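Chains as they are written, first to last, in the working numbering: chain A, 5 to 336; chain B, 3 to 363; chain C, 2 to 507; chain D, 215 to 525.
If you're looking for bench data, these hints aren't it; they were derived computationally from the structure. Worth double-checking, as some hints may not be accurate.
As the list claims (entries may be wrong) - Think about it this way: if two alpha-carbon atoms lie no more than 25 Å apart in a straight line, the pair counts; the simulated DMTMM-like pairs of lysine to aspartate or glutamate are: (1) K328(D) x E199(B); (2) K103(A) x E199(B); (3) K397(D) x D485(C); (4) K356(B) x E61(C); (5) K443(C) x D477(C); (6) K451(C) x D485(C); (7) K397(D) x D161(C); (8) K148(B) x D161(C).
Said to hold, decoys possible - Here's a subset of chain A near chain B, in silico, CB distances under 10 Å, partners left out: (9) E69; (10) L154; (11) F189.
As the list claims (entries may be wrong) - Beta-carbon label-pair distances, calculated as ranges: (12) N273(A) x L211(B): 31 to 39 Å; (13) G110(C) x G331(D): 47 to 55 Å; (14) G508(D) x E261(C): 31 to 39 Å; (15) N277(D) x I24(B): 43 to 51 Å; (16) N277(D) x N296(A): 26 to 34 Å; (17) V287(D) x N273(A): 53 to 61 Å; (18) K249(B) x I220(C): 46 to 54 Å; (19) H268(C) x I129(B): 53 to 61 Å; (20) E261(C) x K356(B): 55 to 63 Å; (21) R78(A) x L329(D): 41 to 49 Å; (22) G508(D) x P171(A): 50 to 58 Å; (23) N296(A) x K351(D): 25 to 33 Å; (24) A15(B) x A514(D): 29 to 37 Å; (25) A514(D) x F46(B): 45 to 53 Å.
Treat the numbers as computed from the prediction; the structure is a model and nothing was measured. Beta carbons are placed, not taken as given, at the ideal position from N, Cα and C, and that holds for glycine.
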Amino acid sequence: GCAKKGGEQGGTQPKANVKIGMVTDQGGLGDKSFNDSAYEGLKRIEKDFGVKPDVLQSKQQENYEPNLTQLGQRDDLTFAIGFLMEGSLKNVAQKMPDKKFAIIDAVVDLPNVMSITFKEEEGSFLMGVIAGKMTQTNKVGFIGGIDMPLIQKFEAGFAAGVKAVNPQAAEGLMNRKTVKYAGSFTDSNKGYELAKALYNDGCDVIYHASGAVGLGLFKAAKEMKKWAIGVDQDQAETAPDFKDVILSSMIKRVDVGTYTASKNLIEGNFKAGHMVLGLKEDGVGYAPSTKNNTPAEVIAVVDKYAQAIKDGKIVVPEKIEDVKNFTAPEVK
Amino acid sequence: MANKNTTSSKLRAALNTLIFPIISIIIAMFIAVFFVMWAEGENFFTATVTLFQAIWEGSFGTSFSIIETLVFVTPLLFTGLANAVAFKTGLFNIGVEGQFIMGIFAAAAVGLIPGIPAFIHVPLVLISGMLIGALWAAIPGFLKAKVGTNEVINTIMMNFIAMFFVNYMIMGPLNAPGKATTPLIQDSAKLWRFLGETNRVNVGLFIGLLLVALVYILLWKTTIGYELRAVGLNPHAAEYGGISIKKNIILAMAISGAIAGLGGAVHVAGIQYQAIQLFGFTGFGFDGIAVALLGKSHPVGVLLSAILFGALNSSSLNLQLANIPKDIVYLIQAIIIIFVAADYIYKWIGEKRKKEAMING
Amino acid sequence: MQKVVEMKGITKVFPGVKANDDVNFELLKGEIHVLLGENGAGKTTLMNILYGLYQPDAGEIYVNGQKVNIKSPGDAIKLGIGMVHQHFMLVHNFTVAENIVLGSEPKKGIKIDMQKAIKDTKELADRYGFKIDPNAVIEDITVGQQQKVEILKALYRGADILILDEPTAVLTPQEIEELGVILKNLVKEGKSIILITHKLKEVMAMSDRVTIVRRGKVIDTVYTKDTNIDELAEMMVGRKVNLVVQKDEAKPGKVVLKVENISALDHRKLPALKGVNLEVRAGEIVGIAGVDGNGQTELIEVITGLRKPTEGRVYINDKDVTGKTPRDIIEAGVGHIPEDRHKRGLVLKYSLYENAVLGNHYKLPFAKGIMMNYNKIKEYARKLIDEFDVRTPNEEVFASALSGGNQQKFIAAREINKDPELIIAAQPTRGIDVGAIEYIHKRLVEERDKGRAILLVSLELDEILALSDRIAVIYDGQIVDILDAKSATEHELGILMAGGTLKKQA
Amino acid sequence: MANGSIPVVVALLAATFRLATPLIFAALGGVISERSGVVNIGLEGIMIVGAFFAVYGSSLTGNPWVGLLFAVVSGALVAAIHAVLSIHLKADQTVSGVAINLFAGALTSFLIFKLFGRQGQTDGVAALPYPTETMAKIPVIGPFLAELNWFVFMAIILVFVVHYVLYYTPLGLRIRAVGEHPKAADTLGINVYKIRYLCVIMSGVFAGLGGATLSIGVMNLFREGMVSGRGFIALAAMIFGNWKPFGATAASFLFAFAQAFEILAQKFGWALPTEAYLAFPYILTMLALAGFVGKTTPPAADGVPYNKGER
Ligand SMILES: Nc1ncnc2c1ncn2[C@@H]1O[C@H](COP(=O)(O)OP(=O)(O)OP(=O)(O)O)[C@@H](O)[C@H]1O
Ligand SMILES: Nc1ncnc2c1ncn2[C@@H]1O[C@H](COP(=O)(O)OP(=O)(O)OP(=O)(O)O)[C@@H](O)[C@H]1O
Ligand SMILES: [Mg+2]
Ligand SMILES: [Mg+2]
C-alpha cells in the first residue's frame, strides 16, 4: 500500500490543450483531507502536462451549483469534490452534455460524468489490524466527524479490521461504546475532549475520520502518550508535530482519482462511468510513515490482510451492522 | 400644497437614508482594495479595477450572475424580514437560523408525499415550513412571556437543537439510502423556476418580494403592527393602552419564525429540492441579522440590503477566479455594516452645521 | 454682598431651539435665588451649563470672582458647586451610602472603605437632621428620602453653591416645609442656593431674589419681598394667569366607580393596598390625598387592570371588572391620565397621531378589521391638538419632541376625548407650568360638569383642595378618612396623611 | 506506552473545567462590557481573532507566552473598534457586534492565507507548556490538576478578580453605576466614556484569552471554525448568570458539564442517535433556565449609547 508518484515519466511535456477545474466543498482547500488531496492530483497534472487548474471553493451548499456551472462553462473537465455535490453536479452535467465532469465520493449516472468512489472500509480495515495488534489494553476507539454513511464506512472497516486480529478489542467498537462522533469536522477542541474521554476509558489506540477534529485527537494522544491513527493523508507528514504518536494513516488517494481522470482526458480516453478505488487499485492504503512507529511484524500482518482483500478473500463490510456477522478468514 | 410639501420632504428623507449606506459601501470597497493590494501585491489601480470588475461581473455583469445573485437574495429576504419583525417588537431573534433550518426540514419531508397535485402540494409545503418555523420561534417567545427567560439564550440554544434534529432526520427517518441527504422532493412540490429548469431562480423570489410588501403593511398599516411596534418601543405604555405584552411577544416571535420557516421551505422547494446534511449552520439566519440591521429593520431597507448581500455573496465566485481571496467578500460586508452603524458621524456633521447657522443667525 | 456666581452672556443652542439666549445671571453669597420660568424656558439648561453638563456656545462664567472653564461636573464639584437634578440622578439598585460616595469613594488599599462610607453618610445626615438609613437601597425608599439623598450627595462633596432643580415637584407639604428649613440652615452655614420651582407659594416663602426667564431670555431679577404671586405668574407666562379654579357646586349622580375591599401587592410583592373601599359618582371629583408611596399607584393600577388585586372587587357602572384586562376596562368606559407620562402615557418614539389612538387604535373609525385608517387617525390627532392647544409643529412629530407640559395636555386630550364615564387623573399637572396647569384644571372641572366621574390622585394638596368635591386620604394602603372638600383644611389633611386621626381632636 | 487511566469522576470534572474555560473568559468579558452598559455580541468574533493571533504570536517568536500577549492585544484592538463605534459613534451596539463577528471570520481566514501561506488552518506552533507531571505529584488533587492547563487556572483566578473589582473597588462601583445610570455617574464627575472604553476593551482582552485557550491552550494551531459558536454560548452564559461574574461562571460550568457528560454518555451505549447526545447540552441549558433561573435582568442602561448632551 505504499503511495508511488504516478505519471512522473513525462517531465515537462508540451502544454496540453485542455482546461481543468475543481470545486471544493465547504471544507475548502487546507482541509488536509480530500479537497487538498484532490488538488494535489491536479497540481501533478499541472507539473506533468502544464494544465493549470481552476479552483472554486464553496462557502455554502448553495455555492455548489453556480461554481460547477461556472467551471463547466470554462473548462473541459470539472471535478466536484465531495458527496454533498451529487445533486448539484447532476443538474449541471445535464445542462452541459458536451462537457466532462467527475465527482468524488458519490455516483452520478450520466454519460458525461465519471464517478470516483473509494473503498474507505478497506483502508480502514488495515488501520483496524494495526490497532488490534498494537493495543495493550485491548480497547481501541474511533472518532467520527458527523454520523453519516461515508464516515460509517471508515468506522465499519476499522471495527472489522480490529475484529479480525483482536476480537476482544472490537467489542467496544461494535457496541459503539468506544465510538464517538463530534458533530463537526472543524471543532478540534471537541476532538481533544472526545479523545481524552476515550483514552481515560482505557483505549490506547484511536482512529479518526473527522477532519480537523482529529487534530484534537493527536494533541490528546501526545499529552497522554497514547497512539492515534490518522486519515485521508499521511498525517505524520501533514501534522509533523504529532508524528511520534501517529501509528499510521489511512490514505485515501483522491489525488490518484483526479490525476487519472485528468490524464485520461488529456490523452483522449476519458470514460464516463464509475471508478471504484480500493486497495487493489491503490486508491486506499496505509501511509509510508507507518514504519516509523509500527513494528515490522505488525506491518507484515497488515500486508497479508491487504493481499487477502485484494485477492477478494476478504470482503470488508461497509456498514456497522454488518460487522457483527463479519469474520475474517485465517490469514497465513 | 401642504401635501406636496410632505411628499417631497418624505422623498428627501428617503434619499438621505439611502445616501449614508451608499457612501459606506463605497468606502468599504476602497478599504477592500487595500486588502486586495496586500494579498496580491498589486498596485492600487490594478487592484481597484480587478476588484470592482470581479464584483460587478460576479453579481450583475452577466445573466448567469444576475440569476445567481437572485438565488442568494431570496433566502436573505426571508431571514432579513424575520429578524426585522422581531427587532421591531424589541426582541432579538438570533434563532432565525434555526427556524430556517426547521423550514428546510418541513419542506423536505412534506415534499416527499406522493400523489398530491401541485396546486395543493406547493402551498402545503410552504405552509408546513411556516408552521414549524412559527412553532420553533413561539417556544422561546412563550418562555419569555410566561417565565420571563431571555429569548436570546433560548434562540441560540434552539439553533443548535434544530441543526442536530434536522441532521438526525436527514440521516435517519428521511434518509435517501447511502446518501447524506433526503430524497428529492416530488415534482409537484417544486416551485416554478420561471427562467427554465436549469436556472435556479424561482417564484420563491416573488414570494419574498410579496412578503416585503406584506410585512410593510403588517407593521405600519394594521392594528397588529401598531401593537407589535408599541410593545417594542414601550411595553409599559402598550400595556396601559390595552395591548397585551405577552400575547404580542409570542405573536412577534411566531410571525418572525413563520417568515424564517417559509424561507427554509422556499429554499428547499425552489433551490435544493432536498435537505442536505448540515456540517454547520446555513448562515442565512445570521446573515439575516446583518441584513435586517443594515436595512434599519424596515422592509424596504431589508430588500435593498438583501440585494447587496446577495450580490456580494454571489460575486465570491468571480473573485476567486480573479485570484482574489473569497474572504474579501465577507470583509466588505463587515466593513459596510461598520460604516452604516457609524452613521452618527453624518448626523453629527449635519447638526453641527445647523447649530452654527443658529448661533450666527 | 459678594457674588459667588456670575454668568455672562450665556447662549446655548440645541437642534432647533435657542435654550439660552445671552443670559446674565448672578448669585450672591448666602442667598436663596429662585429661577422661575415656564416649561422649556431654559432654566435647567442654564444650570446644567453651570454644573458642566453642557458646554455653552457663548458666554463666560465667574465663580468667586475668578473666570472659570467648567468642562465637566468634575470641574464644578471642585469649584464647590453641587446640583440636585430635576430628574433624580440616583442609581436605583445601589444603597444610599453607595450613591453618596460614588465618584469620591473612601478607600482602604484598593478596596472601597464601605464602613467609612456608611459612617460618613450617617454623620452627614445627622448633622442636617435627615433620617436616612445609609444601607437602604434607593428603590426601596420614598421620593422624599431620595430627595434628601440627592442633597447629601452635594453636601458630601463639600458644595458651597447648591443648585436645586424642581426639588419640590414630588414632595408632600410637610416635606416641602422640611426642605425649607433645611435650606435656611444651609444658608446660615454660608452656603448659597439656586432653586428652580414652578410653585409660586414656595417662591414667596423661601427665596430672597427671583430671576424670571422666558423663552431662553432673562426677563428680570426681582427681590422677593418687592413682588407677589400674581406679578410673578404674569412675568413668567407673559399674560395674566387665573390661579384660582372656578367651579360650581357638584351635582353627584349614580355611582360610576365602586371599589370594594381591595388588597394588592406592590412590585416587590409586599402588601400595598389593605382593603380599600371607595366610590366615585357621576358629576363629582373625588381627590385622593396622600404621601407618595401609600398605595396610590397600586390603587390606580388595580382599577385600570394593570395590576391584579389579591382580594376585593372593582365595579364600573355596576359591572364587575375585577381582574379584567386593561382593554376590557377601557371599553367599560375608563379614561386614564397616568402619573408617569413617559413610562405609561406615551410611546415616545411614536408620532403624535399614533399616540392619539393608543387604547382606541383597534376601534372604528380608526381601524376596520385589522386595517388601520391613518387618514381618520391624523384627522383625529389634529382635532386633539387644536382643542387642547398642544404646542407642536404638526401631528407627525414624535411625542418625545414635545415639552412635558404639552405632552401632558395631549394625553389629557386623548383620555377626555375617549368620552369615558370615569376619568382617572393621576398627577395630571406634575412638573408643568402654571399656564398648562390652568388649562388642565379648567378641563377637568368641565368634564365633571358634563356628568363624568373623576378620580383625582395628586401629591399636591393645593390641587386636591382646589379641584375635589370630596377628599379621600390614603395612608399605608388604606383610605383612612373621606372629607368634604368645602370644609377640609390643609392642616387636617396633613394630619391624616401622616397617619393621625381627627376624631380625637373633634 | 503509558497506561494511566483516571477515575471517571475526575475525568468528567477535568473535562468540565477545560470545556468551561473558554466560555468563562468570554462570558466574563461580556459581563464587564455589559455591566458598563455596552452590549457585546461580538464576543465570538473577538475569540476568533484572539485564537488566531495567539498562534501567530507563538509562531513568530516560538514563545507561546508571546502568543498569549498577541491574543490579548488583538482582542483588545478588535474590541476597541466596537468601543469607538458604540461609544463615540453611538452605533447600534448589536449592529457593531454583528459586523465584528463577520469581520473576524473573514479577517482570520484572509490572514491564514497571507501570513501562513496556507488555507484553512495554520501551522502547528508551540503551545502553552503545562507541567502535567509536576502537577500530578501534588497530593490528593494531583490527578485532577494534571488534567488541566494554565488557562483553566487563569480563568478561575480572573473570576474572583472580576468579582472583587466589580463589587469591592471604586472602579467597580463606577462601572456598575455607569451601566445602570450613566447620567448619574456623569453628574458626579465620573467619565462615562472612559469607563465604557475601559470595559469594552477589557472584554476584548478576556474574549481574546478565551480564543487563545482554544488555539494554544488546548490545541497548538488555529483552524477556521475552531471557535464553533462558543462566543454565543458565552453570551448565553452571561445572560443566564444574570450579568454577574459568579453567575456567568456557574452557567459556563453548567454548559461545560453537560458537554462533558454528553461526551462521556456516548460510551454508555444507549440506543440514542448521536444527534441526541449532541443536542443534550443545549436542551439542558434551556430547561435549567426555564426551570430554575427564570427572568434575568440586564443593567438598566445596557445597550443604550450615552449622549452627554441629552437627557
Ligand atoms: N438635551 C437637549 N436636547 C435638545 N434640546 C434641549 C435639550 N435640553 C433642553 N433642550 C431645549 O432647551 C430648552 C430649554 O429646556 P430646559 O430643560 O432648560 O427648560 P426648563 O426651563 O428647565 O423647563 P422645565 O420647567 O420644564 O424644566 C427646551 O425648550 C428644549 O427645547
Ligand atoms: N431630547 C430632546 N430633543 C429635543 N428636544 C427636547 C428633548 N428633550 C426635551 N426637548 C424639548 O424640551 C422642551 C422642554 O422639555 P422638558 O423635558 O424640559 O419639559 P418638561 O416640562 O420639563 O418635561 P418633563 O416633565 O418630562 O421633564 C420641549 O420643548 C421639548 O421639545
Ligand atoms: Mg427643567
Ligand atoms: Mg421639566
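| query | Regarding the pair K356(B) and E61(C), is the alpha-carbon distance no greater than 25 Å? | reply | Satisfied, since the Cα-Cα distance of roughly 23 Å is no more than 25 Å.
Inset, instruction - Go through the hint on E69(A) and say holds or violated, using the shortest Cβ distance to chain B against 10 Å. - result: The hint holds - E69(A) has a Cβ within 10 Å of chain B, the shortest such distance being about 6 Å.
Assess, step by step, whether the Cα of K443(C) is no farther than 25 Å from the Cα of D477(C), and give holds or violated.
Not satisfied, since the Cα-Cα distance of roughly 31 Å exceeds 25 Å.
- prompt: Has the hinted range 47 to 55 Å been met by the Cβ atoms of G110(C) and G331(D)?
  reply: Since G110(C) and G331(D) have Cβ atoms about 51 Å apart, the given range 47 to 55 Å holds.
Notebook entry, point to check: Taking the CB of H268(C) and the CB of I129(B), does the distance hold inside 53 to 61 Å?
Noted result: Because 42 Å falls outside the window, the suggested range is violated.
If you draw a straight line from the CA of K451(C) to the CA of D485(C), is it 25 Å or shorter? holds, 21 Å
Is the Cα-Cα distance between K397(D) and D485(C) 25 Å or less? Violated: K397(D) and D485(C) sit about 45 Å apart, past 25 Å.
| task | Using the Cβ atoms, figure out if N296(A) sits within 25 to 33 Å of K351(D). | result | Given range 25 to 33 Å: holds, Cβ gap about 32 Å.
Worksheet item: Can the restraint linking K328(D) and E199(B) be considered satisfied, given a maximum Cα separation of 25 Å?
Response: Outside the cut-off at roughly 41 Å; violated.
Look at the Cβ atoms of N273(A) and L211(B) and judge whether their distance stays inside 31 to 39 Å. This hint is violated: roughly 50 Å between Cβ atoms.
Cβ separation of V287(D) and N273(A), checked against the hinted range 53 to 61 Å = The hint (53 to 61 Å, Cβ to Cβ) holds, given that V287(D) and N273(A) are roughly 58 Å apart.
query = Can the restraint linking K148(B) and D161(C) be considered satisfied, given a maximum Cα separation of 25 Å?
reply = violated, 52 Å
Checked against the numbered hints listed earlier, the structure breaks hints 1, 3, 5, 8, 12, 19, 21; every other hint is satisfied.
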